[in-house]
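Asks: Chain by chain, the residues run as shown.
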Amino acid sequence: MLGKHINLVREKQPLIHNITNYVTVNDVANIILAIGASPIMSDEPDDVGEITSICNGLNINIGTLNKRSIEAMFVAGKRAKELGHVVLLDPVGAGASSLRTDTALRILDEIHPDIIRGNISEIKTLALGQGSTKGVDADIADTVTDDNLDSAVAFAKAFSKKTGSVIAITGAIDLVSDANTCYVIRNGHPAMSKITGTGCQLSGLTCAFAAASIVTSPVDNNLDDASSFAMDSCDKSELTASVAAAVITMGLAGEIGYTHLAPYEGNSTYRNRIIDAIYHMDSETFEKGARYEIK
Amino acid sequence: MLGKHINLVREKQPLIHNITNYVTVNDVANIILAIGASPIMSDEPDDVGEITSICNGLNINIGTLNKRSIEAMFVAGKRAKELGHVVLLDPVGAGASSLRTDTALRILDEIHPDIIRGNISEIKTLALGQGSTKGVDADIADTVTDDNLDSAVAFAKAFSKKTGSVIAITGAIDLVSDANTCYVIRNGHPAMSKITGTGCQLSGLTCAFAAASIVTSPVDNNLDDASSFAMDSCDKSELTASVAAAVITMGLAGEIGYTHLAPYEGNSTYRNRIIDAIYHMDSETFEKGARYEIK
Amino acid sequence: MLGKHINLVREKQPLIHNITNYVTVNDVANIILAIGASPIMSDEPDDVGEITSICNGLNINIGTLNKRSIEAMFVAGKRAKELGHVVLLDPVGAGASSLRTDTALRILDEIHPDIIRGNISEIKTLALGQGSTKGVDADIADTVTDDNLDSAVAFAKAFSKKTGSVIAITGAIDLVSDANTCYVIRNGHPAMSKITGTGCQLSGLTCAFAAASIVTSPVDNNLDDASSFAMDSCDKSELTASVAAAVITMGLAGEIGYTHLAPYEGNSTYRNRIIDAIYHMDSETFEKGARYEIK
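Residue numbers (our numbering), protein chains in the order written: chain A, 1 to 295; chain B, 1 to 295; chain C, 1 to 295.
There may be inaccurate statements among the hints.
For identical chains, the list gives no copy identity; a pair is met inside one copy or between any two copies.
Quick list of in silico lysine-lysine cross-link-like pairs, DSBU-like style, CA-CA up to 30 Å [what the hints assert, rightly or not]:
| id | residue 1 | residue 2 |
| --- | --- | --- |
| 1 | K194 | K81 |
| 2 | K78 | K67 |
| 3 | K162 | K288 |
| 4 | K288 | K81 |
Hints were generated in silico from the structure; no laboratory data involved.
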C-alpha cells in the first residue's frame with residue numbers, strides 16, 4: 001500500500017533544493033533523478049531564496065557545513081516554510097562538534113523541519129541537546145535492536161511529539177515515526193554502511209517522496225502555483241507514510257543491488273547498483289519486498 | 001571529417017582549467033581525462049590567475065556559484081582572454097535566480113566567452129535578459145523540435161552574431177552555431193537526462209576540443225609559449241566545428257554506453273558507461289556514428 | 001610481511017579527518033571505507049578542531065584550497081599534532097601557483113606533517129621551494145625511472161632527513177622513504193593516471209594505514225583515550241612500513257581492478273574497480289602481489 005508513493009514521485013516529479021555536503025552530493029543528485037524527481041543544488045545565501053521558491057522541497061544536510069552554507073540553510077529554510085514546502089533536516093555529525101550540534105538545534109528551533117533523518121546517535125544528540133558520535137555512524141552501544149526496540153519506538157514517538165517533525169532513525173532496523181505511529185522497517189543490507197553517503201542519499205530521496213505526497217498536481221514552475229500545495233493542508237499521516245516508503249525503497253534497493261554484485265565487486269560498484277535499483281523500482285517490486293510493521 | 005577533432009585532442013592533450021560546481025565536478029574531470037586532455041580545478045581568486053595561465057582553456061560553470069567563486073570566474077576569465085585561451089561559459093540555472101542570470105550576463109559582457117553551452121531555456125534567458133528555468137533542464141515548451149527547428153536555428157545564429165560566441169544549445173536535438181553556420185545534431189539518448197551533469201560534462205569536453213583546435217603544438221607548460229596559440233589567430237569556423245565535434249562525441253558516447261547496460265543497470269552505471277565510451281572513442285567510430293546536418 | 005598493515009587497518013578501524021578537494025572527495029571517502037577505516041570531512045575553521053580531536057589521523061589535501069580551507073588546515077593540523085595524531089600532507093599542484101606552493105611550504109614549517117605524499121614534481125617543488133607542474137601530474141622530464149633511480153632515492157632520503165617526514169613519491173615507480181630506508185615499489189598500472197584522484201585516494205588510504213600502525217587499541221571515541229596512541233611514541237620504521245604498505249595496496253588494487261575491465265570499459269568504471277579491489281584486499285593477496293625492494 002505504501003508502494004503508491006513511488007508512483008506519486010514518478011508522476012509529480014518534484015524539484016528538490018539540496019543544501020548538502022560536497023562529499024556525497026553527486027550521488028544525492030543521481031538518486032533523486034533515479035526515482036523520477038529533479039535535484040537542484042545551491043548554497044549561496046544570495047541565491048537560495050529564489051532557488052528554493054521554484055522547488056517543492058528543501059533538503060538541508062550539515063555534512064560539510066561552513067559559515068556561508070549555514071547562513072544559506074536559514075535563508076532557504078525560512079523561505080521554504082513560508083511557501084509550505086517540505087523541509088528535511090539531516091543532522092550529519094551532530095554530537096561530533098559544537099558547531100554541528102548547535103546548528104542542528106538552531107534549525108530545529110527556527111525552521112521546524114517537517115522531517116528529521118539521521119542515525120540514532122545524531123537523533124539522540126538533538127533530543128538531548130548533547131551527545132557523542134563516531135563520524136556519521138551511530139554509536140554501537142546505541143544501535144536499535146530487537147532487545148531495545150520498544151524503548152527506541154517510544155523515544156522516536158516522544159521526539160516527534162516534542163518537535164512536530166516526522167522522525168526517521170536509520171540503521172540495521174529503521175524507525176519512521178510521528179507522535180502516534182511508528183514504522184519499524186527491516187529492509188536493507190549491512191554492506192550499505194561501507195558506502196559513503198547512503199544516509200545522505202536517503203535524505204534526498206525522502207525529501208522527494210515527501211514533496212510528492214503533498215504536491216496536488218504535476219509540478220510546473222509557475223510561482224503563483226506555489227500555494228497550491230502546502231504542508232499546512234497535508235495529512236500528517238500521509239507524510240509519515242511517504243517517509244516510511246522512502247526508507248523502505250532505499251533498503252530494498254540495497255538488497256536488490258547487492259544481488260547484482262560480482263564476487264570481485266565491492267563498495268564502489270555497490271553504490272552504483274543501489275542507485276540503479278532505485279531507477280528500476282516500481283510499486284509492485286516495492287510491495288513484494290517491503291518488510292515492516294507498525295507500532 | 002569532424003572526427004579529426006578527436007585526434008587533435010588526443011595529440012595536443014590540452015590542460016583545461018575548470019571553475020565548476022561541486023555536484024558534477026568529478027565526472028567533469030574524468031571525462032576530460034577520458035578524451036585525452038587534463039583537468040585542473042581551482043576557484044580561489046588568489047589562485048586562479050596563475051592556474052589558468054598554465055592551461056589552454058577555461059571552463060566556467062555557474063552551477064553552485066558563490067561570492068568567492070564568482071570573483072574567481074572574473075579574475076580567471078580576464079586572464080585567460082588576455083592569453084588567448086578558449087573560454088567557455090555554462091550558464092547553469094540562468095533564469096532560475098537573479099544571481100545566476102546576472103552573473104551569466106556579466107560574464108557575457110565582461111569576459112566575452114568564445115563558447116556558450118546550455119539548454120534552450122538558459123540560452124534564451126541570456127538572449128532575453130530574463131526567463132524561467134526548471135532547475136537545469138530546458139522548459140518543455142521551449143524544446144527544440146523538428147517543428148520549430150528553423151526558428152531555433154535562426155535564434156542560435158542571431159545570438160551568436162550578437163555575442164560573437166559559438167552557441168551550443170543542447171537537448172533532444174542539439175544546435176551548434178556561429179553567425180553563419182549551424183550544426184543540427186541528432187546523436188544522444190533520452191536516458192542521458194536522468195544523469196546529473198551530462199551537460200556539465202559536455203562543457204568540459206567541449207572546452208578540451210576547442211582548446212585542442214587552436215593549440216599549435218603539443219602542449220608544454222612553458223609560459224613563454226602561451227602566445228604561440230591564441231584565439232585571435234584561430235579560424236572561427238574551425239572553432240565551431242570543434243564544438244560540434246564535442247557535442248556529437250558526447251551524444252554518440254550516450255548511444256554506445258546505453259548498449260552496454262544490463263537490464264538491471266540504471267542511471268548511475270550509465271554515467272560510467274558514457275565516460276567509458278569517451279575513453280574508447282576514435283575518429284572512425286565517430287565518423288560512422290555522427291548524425292548531423294548543416295543549416 | 002608488510003601485509004600485516006592491512007590487518008591492522010581492518011582491526012583498528014581508524015577514523016580519518018580529511019580536509020580535501022571537492023573534486024575527488026567522494027572517492028577518498030569510499031576508499032577509506034573500502035579498507036575498513038572511516039572518513040569524516042570538515043573544512044570550516046570553527047568545526048575542524050573538535051572534529052580532528054575525535055579522529056586518529058588527519059589528511060590535508062590542497063587540491064582546491066581556498067582562504068577558508070587553508071585556515072582550517074592550520075587549525076586542524078596544529079590540534080592533530082598536539083594530540084599525537086598522524087598528519088599527512090598531499091601538496092596537490094604545488095609549483096603550479098604561488099598560493100599552492102606557499103601554503104604547502106607553510107604547512108611543512110608550521111605543522112611538520114608526519115607524511116608527505118605527492119608526485120615527483122610536487123615534492124621537488126617543496127624541496128626546492130620553487131618548481132613547475134602540469135596540473136597535478138609529474139613533469140615528464142622528472143619521472144623516476146630505472147636510469148635515475150639512485151639519485152631519486154638519494155633525493156627522497158635527503159628530503160625526509162630535512163623534514164623529518166616520511167616521503168612518498170608516486171608515479172610509474174613509487175618511492176617511500178625515511179632518512180635511512182627507501183622502499184622502491186613497482187606495483188600499479190599506467191591507466192591509473194587516466195582516473196582523476198588516484199593520488200588523492202592514495203593519500204586518504206595512506207593516512208588510514210599510518211593511523212592504524214600507531215593506534216594501540218581498537219578505536220573508541222573517548223577523548224580521554226586520545227593520548228593512548230601518539231606519534232611521539234611510535235616506531236618510525238613502522239610508520240614508513242605502513243606508508244609503503246598503503247602504496248603497494250593501491251598499486252596492486254590498480255593491477256587487480258584492471259583485470260576485471262570489459263573491453264568497452266574505461267577510466268570511469270576502472271575507478272570503481274580499484275576501490276572494489278581495495279574492499280576485497282587481504283594480507284595474502286598483498287603478499288603474493290607486492291613488488292618492491294628496499295634501498
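Asks: Next step is simple, just say for each hint if it's right about the structure.
Replies: Here is what the structure says about each hint:
When the C-alpha separation of K194 and K81 is checked against a cutoff of 30 Å, the pair qualifies only between copies, where the shortest distance is 28 Å, while the shortest distance within a copy is 35 Å. Proximity of K78 to K67 under the C-alpha cut-off of 30 Å is found in both arrangements, the shortest distances being 17 Å within a copy and 21 Å between copies. With identical chains, the CA atoms of K162 and K288 are never at most 30 Å apart, being 34 Å at best within one copy and 58 Å at best between copies. Taking identical chains as interchangeable, the C-alpha atoms of K288 and K81 are never at most 30 Å apart, the minima being 36 Å within one chain and 53 Å between chains.
Going down the numbered hints, you'll see the structure goes against 3 and 4, while the others check out.
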